[in-house]
Amino acid sequence: MIDIKNISKKFGKLEVLKQIDLQLNRGECVALIGPNGCGKTTLIKAILGMVLPDSGDIIFNGKSIHKDYIYRQYIGYMPQIGRYPENMTIGQVIDMIKGIRNDNNNLDETLYQKFDLDQMLDKKMRTLSGGTTQKVSATLAFLFSPEVFILDEPTAGLDPLASEILKEKIIAEKNKGKLILITSHLLSELDDLITQLVFMQDGQILFHKEVEALKRETGTDKISKAITHILKRGVA
Amino acid sequence: MNRILKYVVLNIIKNKIIIFYTILLSLFSWTAFSLEDNAAKGLLTLLNIILLIVPLVSILFSTIYIYNSAEFIELLVSHPIRRSKIWWGLFLGLSFSLVAAFIVGAGIPIIVFAELAKAIMMLVVGVLITIIFVAIAFLSSILSRDKARGIGVSILLWLYFALLFDGLVLFLLFQFADYPVEKMMIIITAFSPIDLSRILILLQLDVSAMLGYTGAIFKEFFGTTIGLLISFILLLTWMFIPFFLSLYRFKTKDL
Numbered sequence: 001m002i003d004i005k006n007i008s009k010k011f012g013k014l015e016v017l018k019q020i021d022l023q024l025n026r027g028e029c030v031a032l033i034g035p036n037g038c039g040k041t042t043l044i045k046a047i048l049g050m051v052l053p054d055s056g057d058i059i060f061n062g063k064s065i066h067k068d069y070i071y072r073q074y075i076g077y078m079p080q081i082g083r084y085p086e087n088m089t090i091g092q093v094i095d096m097i098k099g100i101r102n103d104n105n106n107l108d109e110t111l112y113q114k115f116d117l118d119q120m121l122d123k124k125m126r127t128l129s130g131g132t133t134q135k136v137s138a139t140l141a142f143l144f145s146p147e148v149f150i151l152d153e154p155t156a157g158l159d160p161l162a163s164e165i166l167k168e169k170i171i172a173e174k175n176k177g178k179l180i181l182i183t184s185h186l187l188s189e190l191d192d193l194i195t196q197l198v199f200m201q202d203g204q205i206l207f208h209k210e211v212e213a214l215k216r217e218t219g220t221d222k223i224s225k226a227i228t229h230i231l232k233r234g235v236a
Numbered sequence: 001m002n003r004i005l006k007y008v009v010l011n012i013i014k015n016k017i018i019i020f021y022t023i024l025l026s027l028f029s030w031t032a033f034s035l036e037d038n039a040a041k042g043l044l045t046l047l048n049i050i051l052l053i054v055p056l057v058s059i060l061f062s063t064i065y066i067y068n069s070a071e072f073i074e075l076l077v078s079h080p081i082r083r084s085k086i087w088w089g090l091f092l093g094l095s096f097s098l099v100a101a102f103i104v105g106a107g108i109p110i111i112v113f114a115e116l117a118k119a120i121m122m123l124v125v126g127v128l129i130t131i132i133f134v135a136i137a138f139l140s141s142i143l144s145r146d147k148a149r150g151i152g153v154s155i156l157l158w159l160y161f162a163l164l165f166d167g168l169v170l171f172l173l174f175q176f177a178d179y180p181v182e183k184m185m186i187i188i189t190a191f192s193p194i195d196l197s198r199i200l201i202l203l204q205l206d207v208s209a210m211l212g213y214t215g216a217i218f219k220e221f222f223g224t225t226i227g228l229l230i231s232f233i234l235l236l237t238w239m240f241i242p243f244f245l246s247l248y249r250f251k252t253k254d255l
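Line by line, the protein sequences are chains A and B. With the numbering used here applied, the first sequence closes on residue 236, and no number is skipped along the way. With the numbering used here applied, the second sequence closes on residue 255, and no number is skipped along the way.
Just chain A, same shape as in the assembly:
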């Protein structure tokens, strides 16, 4: 579904992505992990067309995303730190995005209701706590029932209750056969979610493996243990 072909990106002299190749298919739930500053967010932004790679190409559903924008209607994106126009209210932001997407059929308002956003539609974005902002981001990502979810640190900043609601939602979407790409540092949270693991370091992909295979290879039952195991052993 998403085919990343040999993309590289430099910010000034800093090489953030070094010839990344990655293939993601429908029905997969992929975790993108790695140390801070390894290029995870840049890779995600490249898929969204927010960062333009210096070389290489990204194919979405068989079409290059270069100079295309319509493909984004199939993507729900939840940023790591959602930044919103400060003087807009929650209701205005949601309405504006609805207007821009122009897609009022089959709206998925599960999160909107479960996060009780309807009770704070008049709150200005500037007054929101980090967690509430994350709730708005999550709601917007899931609102249009897209085919692909790109979630950048989705549970960071959410309280345990909200985080649980979001996880349930992610699992429900995964069971519908959608592609989900998650970055997270909380490995324990990923255990019951993901089917594949991509480990990045210094702008390169160290490995891309099925979770089951990984657990089998390392003889562990937790993702966190499997990764520490691999990192200690050194990646072949």
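Keep in mind that the hints were calculated from the coordinates and are not lab data. If you're wondering where the values come from, they're calculated on a predicted model, not measured in any experiment. Virtual Cβ for every residue (Gly too), placed ideally from N, Cα, C. Don't take every hint at face value.
[Said to hold, decoys possible] Here are some, though not all, of the chain B residues that point toward chain A, as calculated from beta-carbon distances under 10 Å:
1. Ile-4
2. Ser-69
3. Glu-74
4. His-79
We have chain A already, so just place chain B on it with the hints.
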């Protein structure tokens, strides 16, 4: 794009600065016309105020507004919408709001007091100057990520066009006083939209005699239809080149 345009315009019109700007313009205009005993003089006074204030407010307000829209832009780019539409929406929204403020503030008194031909000329020039400086603001704010630097560049550009440019021209004029530089002056004015506008209006007001021999040359050039056409094309160029440069840069910018 219409939705973005609508959102931007609704957002700006509520802005206190824009309301203040409209009131200020209307205050200046009504006073200028009431103090002078004939409308042409009033127009002349107003011209100098407008050529100073309109560019300043247009460029500063737009620059700050674009920087403050960073989050808005970031929010939109991850959705299925063309980047150029976002940029156009912002540009048209800002231009429309500032032009509306100018028309309401200065346009009404000008139409009430001045002769029709002169009034129309003044309005057209005011509108063009507004949009030109909005376009320049787009260019200066896309060139740097840093807000303080972007605003600084905008202020410097305004200083250059509104004050320094005249000084430079005067300096050149004195330095080359012994040579026939009058024709050169026509070319030099093309480099400043403010001077171009000033000359266009002065010629309409039949006070070109004040400009001396250079004025006669100007009259000969700008007074003709072709001269008028060329100066309008130049003003339009001043509008489109900065904007399209910024649009090109915005399309390839990493957000």
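(message) Are any of the numbered hints broken by this structure? If so, which, sorted upward?
(response) Result: no hint breaks.
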